[in-house]
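Asker: Top line first, the protein sequences correspond to chains S and E.
In this text, residue positions in the first sequence follow our numbering: the first is 551, and each later residue adds one.
In this text, residue positions in the second sequence follow our numbering: the first is 174, and each later residue adds one.
All the pointers check out, no bait thrown in.
Below, a list of computed lysine-lysine pairs in the DSBU-like style, where the Cα atoms sit at most 35 Å apart:
(1) E:Lys381 - S:Lys713
(2) E:Lys495 - S:Lys687
(3) S:Lys957 - E:Lys487
(4) S:Lys675 - E:Lys495
(5) E:Lys366 - S:Lys584
(6) S:Lys578 - E:Lys366
(7) E:Lys366 - S:Lys755
(8) S:Lys743 - E:Lys495
(9) S:Lys578 - E:Lys495
(10) S:Lys687 - E:Lys425
(11) S:Lys816 - S:Lys830
Rather than coming from a laboratory, the hints here were simulated on the basis of the structure.
As the structure is a computational prediction, the values presented were derived from the model and not from experiment.
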Amino acid sequence: MNLIMTDTFAIELTDIDKRFGAVHANNKVCLQVKRGNIHGIVGENGAGKSTLMSILYGFYQADAGQIDVLGETYTFTDSHQAIAAGIGMVHQHFMLVENFTVLENVILGCEGGALLADGLAAARKELTRLGDEYGLKVDLDTTIDQLSVGLQQRVEILKALYKGAKILILDEPTGVLTPQETEELFRIFNALKQQGVTIMLITHKLREIMSITDQVSVMRAGQMVAHRDTQDTSREELAELMVGRKVLLQVDKKPANIRAPLMKVKRLTVADSQGINRLKDVSFELRAGEVLGVAGVSGNGQTELLEALSGITPMTSGSIEVLGFEMDAKNPLTPDRLRELGLAHVPEDRHRMGLIVDFSASESALLGYHTDPKVNSGIWLSNSKVEANCQALMTAFDVRPADPQLKSANFSGGNQQKLILAREMERNPDVLLIGQPTRGVDIGAIEFIHQRIIDMRDAGKAVLLVSVELDEIMSVSDRIIVLCDGEISGRINTADADERTLGMMMANALDPIDPLQTMDDQQAFSKQESNQVSSQVASQENKL
Amino acid sequence: MSDVFLTLLLTLDATLRVSAPLVLAAMAGLFAERSGVVDIGLEGKMLASAFAAASVAAVVGSPWAGLGVAIIVSCGFAMLHGFATITHRGDQIVSGVAINILVGGLTIILGLAWFHQGGLTPALNNESRFLSITLPYAQQLAFIPVLGPIYKELISGHNILVYLAFGVVPMVWWVVFRTRFGLRLRAVGENPKAVDTAGLSVIKLRYKALLVGGVLCGIAGAYISTAHNAQFTRDMTAGQGYIALAALIFGKWRPLTVMLACLLFGFLDALAVRLQGVVIPGIGEIPVQFIEAAPYLLTVILLAGFIGRAIPPKASGKAYLKER
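Hey, can you work out the whole structure from these sequences and the hints?
Answerer: Quick look at the structure:
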């Protein structure tokens, strides 16, 4: 019996097929995951990874195909059965009840009796044991809303283990983590692996696939296109398999030719509706011919920065000098006026601010520029001109399908993003603010978008790039500032930056920087300053 | 002095009687909203069950039969609300309002058709009503200062449904905070996805919550027509369902504070009756309309800032659609 068991796969999927209407989400997908391995699954958005995992977790039922878990064949009709078979899932968006304690969240669905008291006591004991065994420590009586994202994720893992998971599926687990938290997560993965837990990791971060997995499978357009042992493959090969053609992972760029500052931000502070400062004393300069990257874990003031700079959110104090015009809390400039002056803004959240999903592409491509005489005849907006305008943008940025009448919602994320970028960039602005340009965008489109940003820079424009993707920040920008809790917690030239240093800055593990000290940085950050940063990193390491 | 004391006792006594249906309805609303379903149809369910209870009690002659049918009718409307909003993901407010309007008309039409008394049901005799219960030794202990009158006037002398209403409150607390059903109920109203991914059925849980609410509303309705009154009259719930909802918000969806809110509203109501025609020195006669409006004014004023933010269950009002 035991002999046979060691030979079986943890998961064996055979010819899984699933259609949603006209979309063939999974087309005869086969997958074998070895016991006790860490198995990566990569693919572009819409390649069918999430559908496949949802089928495995009993969230959807496959139209055809067979699921074997730990050597036994199952037909899951709901998640309960998948959980009983030993599968646990950590979703990309955590499935936690925010005002419940950790303990209550963990026992939800397996309370062990109609009354809670016994179940809670038993769970407390078991969780303490699991915590010791895998190094998954977390205070069981804290409510979820008090925990950091990294700890919330830990609760999700505990939840799955508590329910007896032998196979753990994680969907994009590192998207919201700092590099340090990611490292910690990988340490937990290894501890779980030691204990014989099988891990399936769904991600688009090829660097992580290479560093943690044993095997990797690639999906493209609903099909499984390749299985590799991780040690026999490379990022380049995986990217090519995902997209179906060769992809440049590194942005091809010449050294920056940095000129005069076009935007000077001085001690910018922005408070939210509850009076809490979301941005505190932020000062920097944005110069012509450079890309200034703004790094940081999501929610540390990036949104407020973009919205204050583009005139959407009022400032509380401080001042901004943009293209020779001054604005402060008492004399704000409207987004409209800023746009006229030559400042363009690509919002972080394309669905909330970038476009109107119910509008046609041609209407979305006109937002903010509807008064342009080019598309108006008298008091009438000319439909044919609006569509011609959109057609031109679509051609310039290779938006597919190139149909101006199609509803904005019916484009893929990458094409929606390209449409917005086209709208803002084709006006040839002098200052371009971009938030999360490649969130939810496929690798192929990322390459294109990054190249366009570099083209803007080389044309002597000033670009501010806000991104939570460190890879993106490091490959596209020339200088980097890091936001942590609304303050600039680090400034560094990209040439001197590495992931570790940026990670420390994102967690504000370096000594705070005096906001005044860097007020008048005439040349790009002095070598001296970045030396200071790296020596601080070194001293941190010594302390550890 | 003793006169004032007695008046106070009698007012409090009336408060309990007026609050009882509010408490029951608010507890019904608590189950619904904790599960993520806004139940503005409390009013309609109470009215329907008041009508059903009075009709059945008049025909059969037993208040218990009336109560049973009232609960069945109320649960029927609760399931209708569930079918519209949980199964078909319809708008919860629209469905609730529709039930209120439907019941408002239906009770009158059925009353006219069945009893030919202008929409009223026949007046109930004592055998077909819930009557006051005198607790043991109420008369004998009345001589004890303070406690005696409190026992006799305030605690003793209510019908069984009043005792039931206030007995339900600690039970609701215990169910919501100490049982598996309660944990799942609270979870499904906060984050149904977490419940779904834990392998539990969001739909079943919400139906169960509505069913519990249906039972409580049925009791509240039967109380109004067969205990507090002795027949059904048109629109006799007179907005108590809405007051119960206000109490629910006021009490921040917690059973004990919700009960206190109901008592406060009940007290204002009882006071309104007491103060009719009373001339207060320096102010003169207080208009009855003002006192009757007081609970609503109070809700608005207190919600506007005095009780802190009332944060409803996060998923309340939203239909659950399983999606990825």
